[in-house]
Amino acid sequence: KQEVTQIPAALSVPEGENLVLNCSFTDSAIYNLQWFRQDPGKGLTSLLLIQSSQREQTSGRLNASLDKSSGRSTLYIAASQPGDSATYLCAVFSSNDYKLSFGAGTTVTVRA
Amino acid sequence: DAGVTQSPTHLIKTRGQQVTLRCSPKSGHDTVSWYQQALGQGPQFIFQYYEEEERQRGNFPDRFSGHQFPNYSSELNVNALLLGDSALYLCASSLEAYEQYFGPGTRLTVT
Chain A
278 KQEVTQIPAA
288 LSVPEGENLV
298 LNCSFTDSAI
308 YNLQWFRQDP
318 GKGLTSLLLI
328 QSSQREQTSG
338 RLNASLDKSS
348 GRSTLYIAAS
358 QPGDSATYLC
368 AVFSSNDYKL
378 SFGAGTTVTV
388 RA
Chain B
132 DAGVTQSPTH
142 LIKTRGQQVT
152 LRCSPKSGHD
162 TVSWYQQALG
172 QGPQFIFQYY
182 EEEERQRGNF
192 PDRFSGHQFP
202 NYSSELNVNA
212 LLLGDSALYL
222 CASSLEAYEQ
232 YFGPGTRLTV
242 T
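Each protein sequence line maps, in turn, to chains A and B. Heads up: the first sequence begins at 278 in my numbering, then just goes up one per residue. Heads up: the second sequence begins at 132 in my numbering, then just goes up one per residue.
Okay, chain A solo, but in the shape it has when bound (with noise of 0.2 Å):
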């Protein structure tokens, strides 16, 4: 069974200051990764999908990187922005079982 954790739990910057959330999953058996924002309350906005056989996707200030054998993805968000402050959650889509197996989470705030 796909495992998929997601640290910190919660993370608090100034605005301007460089954002690293980990993303780690146990069974290297994947098609792709996705990245997911989550504002309170509300449904899931793809920021990222890294297929299986990519290293790592860019778009605008967000860099999403992926190393399947060891099981780890990295979202890199430049400059942060009070507006970039929600919940950022990873999911892998695995090859065994066709599901999206998703971790926890990670709440940004972003002071301003």
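Misleading hints may appear alongside valid ones.
[What the hints assert, rightly or not] Below, computed lysine-lysine pairings styled on BS3-like, alpha-carbon distance capped at 30 Å:
#	chain 1	residue 1	chain 2	residue 2
1	A	345	B	144
2	A	376	A	345
3	B	144	A	319
[Said to hold, decoys possible] If you want the footprint, here are the derived chain B segments under chain A, 3+ residues with CB under 8 Å:
#	segment
4	169-175
5	185-198
6	230-237
[To be verified] Estimated spans, in silico, between C-beta atoms of each pair:
#	chain 1	residue 1	chain 2	residue 2	range
7	A	389	B	213	38 to 44 Å
8	A	284	B	151	36 to 42 Å
9	A	338	B	196	40 to 46 Å
10	A	304	B	145	38 to 44 Å
11	A	374	B	198	37 to 43 Å
12	A	332	B	226	44 to 50 Å
13	A	284	B	198	37 to 43 Å
To be clear, the hints were calculated from the coordinates, so they are not data collected in a lab. Even glycine gets a Cβ: it sits at the ideal position worked out from N, Cα and C.
Chain A is already provided as a structure; the job is to place chain B on it using the hints.
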């Protein structure tokens, strides 16, 4: 192009009642997955529908059932509601279960 839509937005039910939640997938998508998200936790996979059949199921009791229609829309039914069923229910659509796009969710409160 409308994204994934869900209805209703919120609802309140009493223990023992039954509830039906609805989802319309993003245009062009043929696969619908349902997730339950309790407060402070990540979403948990309930089941996935493809070609009107349940293709995968997570660790949820038979009280949770679903359906997919020929137009790819889907319903989630929960019978004999328990207090612990209170959660945000998320629907996601995809093309053959790859990149998934999520709807805004339905907040279910069981009293």
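**Prompt:** residue 376 of chain A and residue 345 of chain A: Cα distance at most 30 Å?
**Reply:** Within the cut-off at roughly 17 Å; holds.
TODO: Mind checking the hinted window 38 to 44 Å against the Cβ distance between residue 304 of chain A and residue 145 of chain B?
DONE: holds, 40 Å
Holds or violated: residue 144 of chain B to residue 319 of chain A, with C-alpha atoms at most 30 Å apart: holds, 20 Å
Within 8 Å of chain A's CB atoms, at least three CB atoms from the segment 169-175 of chain B: coverage verdict | It holds, with 5 qualifying residues against the three required.
- Query: Measuring from beta carbon to beta carbon, are residue 338 of chain A and residue 196 of chain B in 40 to 46 Å?
  - Reply: The hint (40 to 46 Å, Cβ to Cβ) holds, given that residue 338 of chain A and residue 196 of chain B are roughly 42 Å apart.
How does the Cβ-Cβ distance of residue 332 of chain A and residue 226 of chain B compare with 44 to 50 Å: does it lie in that range?
-> violated, 24 Å
| message | 37 to 43 Å was suggested as the range; check whether the CB atoms of residue 284 of chain A and residue 198 of chain B agree with it. | response | Hint holds: Cβ distance 39 Å, inside 37 to 43 Å.
Worksheet item: Does the segment 185-198 of chain B contain three or more residues whose Cβ lies closer than 8 Å to a Cβ of chain A?
Response: Since three or more residues must qualify, the claim that chain A covers the segment 185-198 of chain B holds, with 3 doing so at under 8 Å.
Holds or violated: residue 345 of chain A to residue 144 of chain B, with C-alpha atoms at most 30 Å apart
Status violated; Cα separation ~43 Å.
Checklist entry - Within 38 to 44 Å or not, the Cβ separation of residue 389 of chain A and residue 213 of chain B? => result Since residue 389 of chain A and residue 213 of chain B have Cβ atoms about 42 Å apart, the given range 38 to 44 Å holds.
> Does the Cβ-Cβ separation between residue 284 of chain A and residue 151 of chain B fall within 36 to 42 Å?
Replying inline: holds, 38 Å
With respect to the beta-carbon atoms only, verify the hint that residue 374 of chain A and residue 198 of chain B lie 37 to 43 Å apart.
Violated, at about 22 Å.
Hint check: violations occur at hints 1, 11, 12; the rest are consistent with the structure.
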